[in-house]
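**Student:** Fit chain G to the given chain Z structure using the hints.
Given next are the chains, with one letter for each unit.
Number of protein chains: 2
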Amino acid sequence: METTKSSTEEEAFEFEVRKLEISDKRKGFVELLQQLTVCDSISDEAFDRRFEEVAEYGDDHLICVVEDRDSGRIIATGSVLIEKKFIRNCGKVGHIEDVVVDSNIRGKHLGRKMIGFLCDHARAMGCYKVILDCSSDNVAFYERCGFKRKEIQMVNYFGS
Amino acid sequence: METTKSSTEEEAFEFEVRKLEISDKRKGFVELLQQLTVCDSISDEAFDRRFEEVAEYGDDHLICVVEDRDSGRIIATGSVLIEKKFIRNCGKVGHIEDVVVDSNIRGKHLGRKMIGFLCDHARAMGCYKVILDCSSDNVAFYERCGFKRKEIQMVNYFGS
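Note that the protein sequences, when read in sequence, are chains Z and G.
For any residue, its number in this note's numbering is found by taking its place in the first sequence, counting from 1, and adding 224.
For any residue, its number in this note's numbering is found by taking its place in the second sequence, counting from 1, and adding 224.
Excised from the complex, chain Z in its bound form (with noise of 0.2 angstroms):
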């Protein structure tokens, strides 16, 4: 008797989420922020000594990405940062940040997923609370994630 795989199981299959590797920054990594904001070109190695900085924080802060298999590109970003706190007797907050889908890719949920992804980290780190920031467009997609609004964001921008 053979057992074969549900399409369901060879789609989770083929969009695993998994933590960034040094290697994806030639799989179309930086391309990808590209769509988000502001990111020019990065060097080897800016990017490797990033890479190594971020690391060092091991699952205190973690970048994840899903590569499209057939294609070898990145395809999905988000990161999540644990911050460790006094309040909340001594609790723990994820920041999660940075999160983009490629705009080529449509109907696949890796939004979802990947935030998923990265709650479940913070869930398994111990944090009480995951919290983001958004532009209105994006808050319908999060209310569908489990996030509800909470407070406005303040920004203070450094030398412009």
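Hint data in this document are derived by calculation from the structure and do not stem from the laboratory.
Do not rely on the hints blindly, as some may be mistaken.
The list makes no distinction among identical chains, and a pair is therefore deemed to hold if it is satisfied within one copy or across any two copies.
[What the hints assert, rightly or not] Simulated crosslink set (DSS-like; lysine-lysine; CA at most 30 angstroms straight-line):
#1 K353 <-> K243
#2 K372 <-> K251
#3 K353 <-> K332
#4 K353 <-> K251
#5 K249 <-> K372
#6 K251 <-> K332
#7 K332 <-> K243
#8 K251 <-> K316
Note that the coordinates shown come from a computational prediction; the quantities given were computed from them, not determined experimentally.
**Tutor:** Below, chain G without anything else, positioned relative to chain Z:
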């Protein structure tokens, strides 16, 4: 000719922002946090462990306080966590968190002084911006500190 301090200089000295020290627990640091949010009493062991965990990050996670030299009590606190990104050409962002000024202290501009200190630290660490989340009641205060409204904070609470 004598050199005398002006009252402004004396006040600036009196309310100096400094890094949290492990001995600040018995100066009312936890009681001050209780003015901000839920924070039950913390055992000395739990406090010391969390203090050491935060200290491991050095200048990447700074928790600051103001001590009232007359009473020996901690009367203001705030923290900034430095996030290392790939976007913005391997930029850094400062996350300001857990800012609280003793509700008994008024008119000393301690909140503004604390925010200024945390922003200066983030700038010195190479951040291109600092961000924070606040309630609508505090927007005007942060605008006076040089911040602008940006996005919407979303939150996902675990296990409640």
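**Student:** Next, verify each hint and record whether it holds.
**Tutor:** Here is how each hint holds up against the structure:
{"no.": "1", "hint": "K353 <-> K243", "in the structure": "both (21 angstroms within a copy, 26 angstroms between copies)"}
{"no.": "2", "hint": "K372 <-> K251", "in the structure": "neither (34 angstroms within a copy, 36 angstroms between copies)"}
{"no.": "3", "hint": "K353 <-> K332", "in the structure": "within (26 angstroms within a copy, 33 angstroms between copies)"}
{"no.": "4", "hint": "K353 <-> K251", "in the structure": "between (32 angstroms within a copy, 29 angstroms between copies)"}
{"no.": "5", "hint": "K249 <-> K372", "in the structure": "neither (34 angstroms within a copy, 34 angstroms between copies)"}
{"no.": "6", "hint": "K251 <-> K332", "in the structure": "within (20 angstroms within a copy, 54 angstroms between copies)"}
{"no.": "7", "hint": "K332 <-> K243", "in the structure": "within (19 angstroms within a copy, 47 angstroms between copies)"}
{"no.": "8", "hint": "K251 <-> K316", "in the structure": "between (33 angstroms within a copy, 23 angstroms between copies)"}
When each numbered hint is compared with the structure, violations occur for hints 2 and 5.
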